[in-house]
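**Q** From first to last, the protein sequence lines stand for chains D and R. So that you can map any letter, position 64 of the first sequence is 64 in UniProt numbering, and since no number is skipped, the others follow by simple counting. So that you can map any letter, position 147 of the second sequence is 147 in UniProt numbering, and since no number is skipped, the others follow by simple counting.
It should be emphasised that the hints constitute simulated quantities derived from the structure, not laboratory data. These numbers were taken from a predicted model, which means no experiment stands behind them. Any given hint could turn out to be false.
If we take Cβ atoms under 8 Å as the criterion, some of the chain D residues that face chain R in the derived model are [what the hints assert, rightly or not]: (1) ALA157; (2) SER187; (3) LYS188; (4) ALA209; (5) PHE272; (6) GLU307; (7) GLY311; (8) ASP324; (9) ASP330.
Computed footprint of chain R on chain D, listed as stretches where at least three residues anywhere in the stretch have a Cβ under 8 Å from a Cβ of chain R [claimed, not checked]: (10) 172-186; (11) 189-198; (12) 218-225.
In this text, a Cβ means the ideal position worked out from N, Cα and C, and glycines have one as well.
The residues making up each chain are set out below.
There are 2 protein chains.
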Amino acid sequence: MSAQGPTLALVGATGAVGTVMIDIINGRESVPWGEIRLIASARSAGKKIVVRGEELTVIELKPEAFDGVDVAMFDVPDEISAEWAPVAAARGAVAVDNSGAFRLDDEVPLVVPEVNAAKTADRPKGIIANPNCTTLSMMAALGALHREFGLQELVVASYQAASGAGQDGIDRLYAELEAVAGKGLGSKAGDVRAALEAAGLSLSDTPFAGTPLALNVIPSAGSYKGDGWFSEELKVRNESRKILGIPDLKVSATCVRVPVVTTHSLAVHATFSREVTVEAAHKVFEAQPSIVLVDDAENGRFPSPAEVVGGDPTYVGRVRQALDFPNTLDFFVCGDNLRKGAALNTYEIAEHLAPTLG
Amino acid sequence: MSAQGPTLALVGATGAVGTVMIDIINGRESVPWGEIRLIASARSAGKKIVVRGEELTVIELKPEAFDGVDVAMFDVPDEISAEWAPVAAARGAVAVDNSGAFRLDDEVPLVVPEVNAAKTADRPKGIIANPNCTTLSMMAALGALHREFGLQELVVASYQAASGAGQDGIDRLYAELEAVAGKGLGSKAGDVRAALEAAGLSLSDTPFAGTPLALNVIPSAGSYKGDGWFSEELKVRNESRKILGIPDLKVSATCVRVPVVTTHSLAVHATFSREVTVEAAHKVFEAQPSIVLVDDAENGRFPSPAEVVGGDPTYVGRVRQALDFPNTLDFFVCGDNLRKGAALNTYEIAEHLAPTLG
Numbered sequence: 001m002s003a004q005g006p007t008l009a010l011v012g013a014t015g016a017v018g019t020v021m022i023d024i025i026n027g028r029e030s031v032p033w034g035e036i037r038l039i040a041s042a043r044s045a046g047k048k049i050v051v052r053g054e055e056l057t058v059i060e061l062k063p064e065a066f067d068g069v070d071v072a073m074f075d076v077p078d079e080i081s082a083e084w085a086p087v088a089a090a091r092g093a094v095a096v097d098n099s100g101a102f103r104l105d106d107e108v109p110l111v112v113p114e115v116n117a118a119k120t121a122d123r124p125k126g127i128i129a130n131p132n133c134t135t136l137s138m139m140a141a142l143g144a145l146h147r148e149f150g151l152q153e154l155v156v157a158s159y160q161a162a163s164g165a166g167q168d169g170i171d172r173l174y175a176e177l178e179a180v181a182g183k184g185l186g187s188k189a190g191d192v193r194a195a196l197e198a199a200g201l202s203l204s205d206t207p208f209a210g211t212p213l214a215l216n217v218i219p220s221a222g223s224y225k226g227d228g229w230f231s232e233e234l235k236v237r238n239e240s241r242k243i244l245g246i247p248d249l250k251v252s253a254t255c256v257r258v259p260v261v262t263t264h265s266l267a268v269h270a271t272f273s274r275e276v277t278v279e280a281a282h283k284v285f286e287a288q289p290s291i292v293l294v295d296d297a298e299n300g301r302f303p304s305p306a307e308v309v310g311g312d313p314t315y316v317g318r319v320r321q322a323l324d325f326p327n328t329l330d331f332f333v334c335g336d337n338l339r340k341g342a343a344l345n346t347y348e349i350a351e352h353l354a355p356t357l358g
Numbered sequence: 001m002s003a004q005g006p007t008l009a010l011v012g013a014t015g016a017v018g019t020v021m022i023d024i025i026n027g028r029e030s031v032p033w034g035e036i037r038l039i040a041s042a043r044s045a046g047k048k049i050v051v052r053g054e055e056l057t058v059i060e061l062k063p064e065a066f067d068g069v070d071v072a073m074f075d076v077p078d079e080i081s082a083e084w085a086p087v088a089a090a091r092g093a094v095a096v097d098n099s100g101a102f103r104l105d106d107e108v109p110l111v112v113p114e115v116n117a118a119k120t121a122d123r124p125k126g127i128i129a130n131p132n133c134t135t136l137s138m139m140a141a142l143g144a145l146h147r148e149f150g151l152q153e154l155v156v157a158s159y160q161a162a163s164g165a166g167q168d169g170i171d172r173l174y175a176e177l178e179a180v181a182g183k184g185l186g187s188k189a190g191d192v193r194a195a196l197e198a199a200g201l202s203l204s205d206t207p208f209a210g211t212p213l214a215l216n217v218i219p220s221a222g223s224y225k226g227d228g229w230f231s232e233e234l235k236v237r238n239e240s241r242k243i244l245g246i247p248d249l250k251v252s253a254t255c256v257r258v259p260v261v262t263t264h265s266l267a268v269h270a271t272f273s274r275e276v277t278v279e280a281a282h283k284v285f286e287a288q289p290s291i292v293l294v295d296d297a298e299n300g301r302f303p304s305p306a307e308v309v310g311g312d313p314t315y316v317g318r319v320r321q322a323l324d325f326p327n328t329l330d331f332f333v334c335g336d337n338l339r340k341g342a343a344l345n346t347y348e349i350a351e352h353l354a355p356t357l358g
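Chain D with its partners taken away, still in its complex shape:
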């Protein structure tokens, strides 16, 4: 790693998304970086992680850690990003932040490279934001359709994975599944709840709104924001508008948690300003390298989260023309919320910046 090229830092290298990020970097055929630097909290500093065949030592998050860094990717909670992304920027790095801290800041571009890569050039704060994972799961598909048909309205319902709530969410779902499997539960109200409590899984500890997730779906995600809306739903609306550059895009989203480990899915009802057919939409999807179309209705083959998890693309299927709404498509989309929904998109932004830096 003594080759020429800009220096990349990864802040949050030992977290859930950071771990996926290292997996992505290791899987790249080549990287444009002269140096890769792993940064984490004092607790994780000193840990050794192999990156592209070289053992790197995790260093502690402090201002000097950013000296000489060209791109600093942040995979940390909102409050850490809010404090440290400006520090990295002040030391000359471009901060690419995967938290919610800067996404709706007018001076921070919100970027999905295949949709609005050019926005990365205009970054007055030296910070570029990565969208929320739910929004990202459908953005490649919607960006491609928007370019061709002019998006106007969006009604979406989500099927969100447990890992959207981090490693705690994954661990909780696994623990709940073990507590209910083999017990024939789910046909009487509260029997799942009782089984969890009997297994010592208190509903006051769960990251899922005090509600069982095993053998259940939960109609809320994120935090309550008033007027009946939860944060994940408002993110889908506000971030879609900003990424697609459609400030008056009409959006209604219902975000629902489902007992899936990783990969968010969305049922999308999208209305355009121009006429759209299934054939034309299929062509748009097939022309987009980051989309895999799995849409064989005759044989019942469509994407589903457990079948596509771990992959980089956005998977699209069930594309059909709405029977009663003009210029409208209904479709189903799946994307790995830890990869394209988080680490991968952040890394793609960094890759896009690399030739302009260092």
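Start from chain D and add chain R according to the hints.
**A** Below, chain R alone, put in the same frame as chain D:
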């Protein structure tokens, strides 16, 4: 059961829905029937079942079984209903059919008692149809809103339970859960599939489109009907139009199977001809005896399938005004697909008929 009153027959008394039907009849405070007759295939004839404290012997399905019957409820597959409901009607019974055989027949009313009970009077074929379970799960809520605000458009995404595919569906989900629990699966594509196959659960045997349901969601339900649409989605559209009496109602539905045992949920985006507020909608729901409103966003309390399964009402929550669509509400609704979604609604039709018969 030698009291006065009309005679009720239950065809399919030993099946999954028939069993729930007997549970419902046993749970009623009083019943209007002079006699209750249990009918099933020759294979189940002779079986003894206790109904309201009296042991009844299941009799074989044959034309004479309907002699003296006033209301015959059919909880059997489409092809059995298609053959036998007319036989019951020819012998003088009103056939109340829970299959798909007659739902869209112009001479057969499609009835949800709290929405369109008066339609039961106009039954030229002597047959009344019970709607599909997915449609039924939201119909009490939509019927109440329609009376007040005038429904025009509907975009829905479903979260459908395994028991929508019958006892096979329930058994399959339980078996899949046992095969994956405790194994830490779901973060690599196909690892759930491999675990099922290793446990001897062939994907060619599943009622769920050749796709794992544990740790997954499956974006298709029912059979393929062309142009990208599946039967469950077309039923939601066509049956909603007929029940609500809105022949030009605009409907787009996406039906998705989720790893829940029983109780269908739907995310509903409904547009009305008149102005609608959350407060007005709450009042409408609270005034409807068959609806339970659970909508405490501040404390994150909403209905979810595992928490309401086994109950008779339709549960509604997450009611909010769409931010960008005029006269539009978004909400989430749950209903037990074996009770209100099937047996209960059929029985309520029979109860509604009782005073007019015998």
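**Q** Taking the numbered hints from earlier one at a time, note which ones the structure violates and give those numbers from smallest to largest.
**A** 5
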